[in-house]
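Protein chains in written order, with the numbering used here: chain F, 1 to 321; chain A, 322 to 712.
Because the hints were derived from the structure by calculation, they are not lab data.
Among the hints, a few may not be true.
Stated by the list, open to error - In silico EDC-like pairs for lysine to aspartate or glutamate, Cα to Cα no more than 16 Å straight-line: (1) A/Lys674 <-> A/Asp662; (2) A/Lys588 <-> F/Asp134; (3) A/Lys588 <-> F/Glu71; (4) F/Lys133 <-> A/Asp689.
Unchecked claim - Heads up, incomplete: computed chain F residues facing chain A, CB under 10 Å, no partners named: (5) Asp106; (6) Leu170; (7) Gly174; (8) Phe281; (9) Ser282; (10) Gln308; (11) Ala312.
The beta carbon of each residue, even a glycine, is placed where N, CA and C say it ideally should be.
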Amino acid sequence: MTEPVYARKRIMGNLPDILQLLFTGLAVGSIYAIIAVGFTVIFSSTQVVNFAQGEFVMIGAMVSYWLVGAEHGPHLPLLLALPLAVLAAMLVGSALGWVLMRPLKDASVTSLIIITVGASMLMHGVASLLWGKDPVAVAPFSNTSGYSLTLPAALTGPHAYPVYIGTQELWVMGLAALVVLALTFFFNRTMIGKAMRAVSVNRHGARLIGINVSRVVVGAFALSAAIGAIAGAAIAPISMASYGMGTMLGLKGFAAAIVGGLGNFPGSIIAGLLLGIMENFSATYLSSQYKDAFAFIILLGVLVISPQGIVALFRRRRASV
Amino acid sequence: MKRFQVPFVPALVVPAIVALALAGVALVSSTAQAQKTAYKIGAIFDVTGPASPLGTPEQETVKMLVKQINAKGGIDGHPLEVVYYDNGSDEAKSLMAMKKLIEADKVLAIIGPSQTGTTLAGAQTVETANIPLVSCAAGVGIVEPVKPWIFKTAQSDVHAVKKVLDYCQAKRYARVALITVANAFGDSGKKQVELQARGARVSVVARESFGSNDTDMKAQLMRIRQSNAQAVICWGTNPGPAIVAKNMKELGIRLPLLMSHGIANRKFIELAGPAAEGVIFPAGKLLIADTLPNTDPQKRVLQAYAADFKKTYGKEADTFGGHAYDALMLVCRALRAVGPDKAKLRAELEKTKGFVGISGVFSFSAKDHNGLNEDAFAMVIIKNGDWTRLK
Numbered sequence: 001m002t003e004p005v006y007a008r009k010r011i012m013g014n015l016p017d018i019l020q021l022l023f024t025g026l027a028v029g030s031i032y033a034i035i036a037v038g039f040t041v042i043f044s045s046t047q048v049v050n051f052a053q054g055e056f057v058m059i060g061a062m063v064s065y066w067l068v069g070a071e072h073g074p075h076l077p078l079l080l081a082l083p084l085a086v087l088a089a090m091l092v093g094s095a096l097g098w099v100l101m102r103p104l105k106d107a108s109v110t111s112l113i114i115i116t117v118g119a120s121m122l123m124h125g126v127a128s129l130l131w132g133k134d135p136v137a138v139a140p141f142s143n144t145s146g147y148s149l150t151l152p153a154a155l156t157g158p159h160a161y162p163v164y165i166g167t168q169e170l171w172v173m174g175l176a177a178l179v180v181l182a183l184t185f186f187f188n189r190t191m192i193g194k195a196m197r198a199v200s201v202n203r204h205g206a207r208l209i210g211i212n213v214s215r216v217v218v219g220a221f222a223l224s225a226a227i228g229a230i231a232g233a234a235i236a237p238i239s240m241a242s243y244g245m246g247t248m249l250g251l252k253g254f255a256a257a258i259v260g261g262l263g264n265f266p267g268s269i270i271a272g273l274l275l276g277i278m279e280n281f282s283a284t285y286l287s288s289q290y291k292d293a294f295a296f297i298i299l300l301g302v303l304v305i306s307p308q309g310i311v312a313l314f315r316r317r318r319a320s321v
Numbered sequence: 322m323k324r325f326q327v328p329f330v331p332a333l334v335v336p337a338i339v340a341l342a343l344a345g346v347a348l349v350s351s352t353a354q355a356q357k358t359a360y361k362i363g364a365i366f367d368v369t370g371p372a373s374p375l376g377t378p379e380q381e382t383v384k385m386l387v388k389q390i391n392a393k394g395g396i397d398g399h400p401l402e403v404v405y406y407d408n409g410s411d412e413a414k415s416l417m418a419m420k421k422l423i424e425a426d427k428v429l430a431i432i433g434p435s436q437t438g439t440t441l442a443g444a445q446t447v448e449t450a451n452i453p454l455v456s457c458a459a460g461v462g463i464v465e466p467v468k469p470w471i472f473k474t475a476q477s478d479v480h481a482v483k484k485v486l487d488y489c490q491a492k493r494y495a496r497v498a499l500i501t502v503a504n505a506f507g508d509s510g511k512k513q514v515e516l517q518a519r520g521a522r523v524s525v526v527a528r529e530s531f532g533s534n535d536t537d538m539k540a541q542l543m544r545i546r547q548s549n550a551q552a553v554i555c556w557g558t559n560p561g562p563a564i565v566a567k568n569m570k571e572l573g574i575r576l577p578l579l580m581s582h583g584i585a586n587r588k589f590i591e592l593a594g595p596a597a598e599g600v601i602f603p604a605g606k607l608l609i610a611d612t613l614p615n616t617d618p619q620k621r622v623l624q625a626y627a628a629d630f631k632k633t634y635g636k637e638a639d640t641f642g643g644h645a646y647d648a649l650m651l652v653c654r655a656l657r658a659v660g661p662d663k664a665k666l667r668a669e670l671e672k673t674k675g676f677v678g679i680s681g682v683f684s685f686s687a688k689d690h691n692g693l694n695e696d697a698f699a700m701v702i703i704k705n706g707d708w709t710r711l712k
């Protein structure tokens, strides 16, 4: 009689913990998801995995820090700084895209990938010269820091902790959702978006029907940089910003992109969110020592079971392509 | 067209070589005119690369001190000459620099490098060449086991951990939770806490770690929240500990938060903001020089160094520069005592007793080549965005 009641209480007592992990996991996961989408946008139009993707995130974070909060910066309002940071990243992104498409248009995909690694190091180095090596604190988007949500005691038992809902985390999720919506609209309803999809389906075909492929590719780089910069500006108040922040975030985003099936738009979003949540749960319930390893173990596991990504796993079951 | 350009290159190069040669002659003749031969020592610091926040103030400190020493007539009338090398925070380059100093520059002693790795890279070379080296790095591996020719001035984390655990013992925290950064600094702190905990009657009830680039530590802190710890010890360098402090406040964990000397800088307060309030950590005394009692032997030395550095470079002196101050001053002191003989210098360094430096009061022995104890640290609490010494 007492046994199941106790068991239920134990599970329900963990409810605030589980909600907390879910919440923070979703926030970090949204960042991974939009970085993964950035990878996807470039991969589908060029077949190139852009390893400088994480640096776009860093540029978004550092430029918005410099515009808003830096001691010798212009102290702009956030509403102005955010678009400018995105614009800065887009400039860098299109420059990278242009280099890959024009002077290097005859290079193989592998060489191009290596070049993105080099570009990433270059951005890394330039950023450390521009902004120094110390991490910097970035002001959150809104003044209220967050809400402590106490669940009714009937649900959780007497000694449960409240769930902390951070405002910046809400911003992160909101912006991520907005990015996804905007991209869906862009790819389905606008001419450029459709052109990008055409290039990703068949490059030569696209060229034959009059699409300027190299312009589309430069556009894809700019778009992908913009997405990364938004992620960077949004996460910076939580994680702090530094010249080196892009590397690990980029790798996690890459893992999500692979798990989602490289080039698969909804797949990378789902994989990003899942990665953030699983990472968080494993840190609490397994071991925080292996938290980062966990992401990459998942990556390896998925590659073994389904090299086409998780979405392909479900599709295969439905026996369609 | 091209024919016109060919003679153009030598036309530029030849005068340049002549000018350089002339400058070289001028330089040699000016040093030859000095009354006594210069004492030449080498300095290797990690001025560029990832460890540049350490190496830069170290080199600046040495440059400033050398000017001061020579202005006062050098060491017993011998001008002090320092040959500088930047190892780029790279172990291979560090070794190269040591070889150059020993074989080409023929220096009497070496100070630096800034990091444990870059120091140990050349340890073997230094030992076989029989040349004294005073490192500015923190790792206890540099002096344990003792290498006869190698000394170091930075406090070891052994002492920092001792100070923190002493504090826990005084406050009767019998159970502590540990959260450390997953790199050499955090791992070493973790190992030391585990080693020393039993002696301090403290048990470690939770062990968590975070990556140096992690964005959020709530998951780890929730585990600590479930443990019955009475205090949290966080061992890391920016920005991780600042995120830990923030997340603890957000999760409503009200346990006392103890940290390492890795956050003994303004940056931590800036990063953690209001969450920094109440954080307690061991710090080198330079941080709180002005609030030390007048009876503290280091107070005058610390204040003088801080003021000189500020005047020369227009920025705050920091602990790292202090390590270089100690290294240079220890070598100078030995030079003054025994003159330019490497073996005698080594023996004299080892005999140093009660040298009042920036990192602490040094007393070396054949068994202890760091020469410091936990008194090199003071426990500090962050209050109103500033450091206050705990009595």
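Hints the structure violates: just list their numbers, smallest first.
1, 4, 5, 6, 7, 10 and 11
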